[in-house]
Amino acid sequence: MRETFAATVNRALEQDPRTALVLAVISSGMFRRSAARYPDRVIDLGIREQAMIGVAGGLALTGMRPVVHSYAPFLVERPFEQIKLDLGHQDAGAVLVSIGGSYDAAEAGRTHQSPGDIALLDTLPGWTVRVPGHPDEASEALELDIPGDHRAYLRLSGTSNRAALPVGPRLHVLRTGSPRSAGVVVAVGPMLDRVLEATADLDVTVAYTSTVRPFDREGLSTLAAAAGNADVLLVEPYLRGTSAHEVSEALADRRHRQLSLGVPRDTELRAYGTPAEHARAHGLDTEGIAKAARDFFLV
Amino acid sequence: MTTTATFSRYADLPALIGLMEGDEKHNGASVSTLDVLWVLYDRVLEVTPDTAEDPARDRFLLSKGHGPAAFYAVLAAKGFLDVPTLRGWTAFDSPLGHHPDRVLVPGAEIGSGSLGHGLPLGLGTALGLRARGVRRADRTEPRVVVLVGDGELDEGSNHEAIAAAGRLGADNLTVVVIDNASAQHGWPGGVGRRFEVEGWAVREVNGRDHDALDEAFTRTRDGRPLAVVARVRNGS
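Chains as they are written, first to last, in UniProt numbering: chain C, 1 to 299; chain Y, 1 to 236.
So here's chain C without its partners, still in its complex pose (with noise of 0.2 Å):
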């Protein structure tokens, strides 16, 4: 996806002289051409994250659009005051984009690791939040954000599906359950290639988004209605729960129960390794994922 979000990056710096970019060092390597040709648009802070999205705000409010990237931590994290104010506070408006997505950096540990990215962002009002689960999903994102005003965030990952689906505002529905079906899986992004696998043989609807926020709540309702129960169960490749709020308002006029997969709260796991031996250690893997399902569906 890195590679893709690159191609389409340098695409749109050399198609729309709005197109800025804003770097901290990371990836500047892949977007040297474009900064020779375009010296004034590709900016690289050195390694400076709050003048990143300060200075990202300043281009906004000149009527550019900038894209900023980096590490989630180093993205979002760490200069997450300057997101609140230096964008959302002053009405300006930026599409960033991170790599490293939860534990994709698993090797380099908690330090360049952010299960929590998306959580803190959604204390914010107004972000379009995409998690996009294949390479194809990641430029289609970019071709749909680059060209608007609003504040996006597009989540990176080193895992895909094997398949790329649209993205765009609604619940994308792969697999529909029976009416007297034991209720809808929901899979964000990278999770659902093993969510499918994992639920292959029970009566369930599945349904996908790579758009987190606005979250579908009327696509949901209407999945959950025409389901035998209006159970929910919920997996993102990120921190637990934290479209939960989305399911409760969501459902909020029918009694039901839901269930959040992801990146337990309660603990850090102080391990390296690779994402996959993370994604079995947070139950986030095909194995975890089909004994949660068995579980909260009653099976």
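Derived from the structure by calculation, the hints contain no laboratory data.
Idealized CB from N, CA, C, for every residue including glycine.
Careful, some of the hints might be misleading.
[Stated by the list, open to error] Output of the computed footprint for chain Y on chain C, the stretches with three or more beta carbons under 8 Å from beta carbons of chain Y: (1) 38-44; (2) 47-60; (3) 82-96.
[What the hints assert, rightly or not] Across the chosen pairs, the derived CB separations fall in these ranges: (4) G156(Y) to L174(C): 42 to 52 Å; (5) G63(C) to R167(Y): 19 to 29 Å; (6) D138(Y) to P147(C): 28 to 38 Å; (7) L124(C) to G67(Y): 20 to 30 Å.
Starting from the known structure of chain C, fit chain Y onto it as the hints suggest.
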């Protein structure tokens, strides 16, 4: 517009500040930012209420957002704000709070209050104007002026922007530091050195001397951003 005509002079600023702070004995002229703000809007910045949305206007960013009464007073004196608006300041439905909000205040380029945000925003604005190639009808390039306090410079975010602006050669960016020696641990060797070492042009000036301020704000065009250190004693 009669009120604007009535309250449009430097000498009116204490009365305008009095409309907000409501203290007859308060000496508005003692506000540390007052003279710098006046000189900027009266002599330096090319921006008026009529050009407040013009892409080629000069931008003034009040980074030190606390104590904004002098700023509001100058905006009122120059016609950006209606004088009666000042009276209701900090009320629920007033556009004027103890920290300015750009979405609410006509003429305010940024919302500020939390320290250390204006300079990075100003650098981005300067870079954006340059990238867009914005020019006035007479082909001159608009400038961006950011006001910070010497105490505010404690915030590390300023130093990210000071270094980056110097390296990027943003000579359409000016910072005016209101230096009333309020930084908790001081700035040994002076505030100006922090800018100088990063490649800025630095001018130190009496922050109450209008002619000296006007001259100090003369633009650089040699690739160096400009820092004007305006020394002010509170209450002087």
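Structure-based check of each hint:
{"no.": "1", "hint": "38-44", "result": "holds (count 3)"}
{"no.": "2", "hint": "47-60", "result": "holds (count 11)"}
{"no.": "3", "hint": "82-96", "result": "holds (count 6)"}
{"no.": "4", "hint": "G156(Y) to L174(C): 42 to 52 Å", "result": "holds, 48 Å"}
{"no.": "5", "hint": "G63(C) to R167(Y): 19 to 29 Å", "result": "holds, 24 Å"}
{"no.": "6", "hint": "D138(Y) to P147(C): 28 to 38 Å", "result": "holds, 33 Å"}
{"no.": "7", "hint": "L124(C) to G67(Y): 20 to 30 Å", "result": "holds, 27 Å"}
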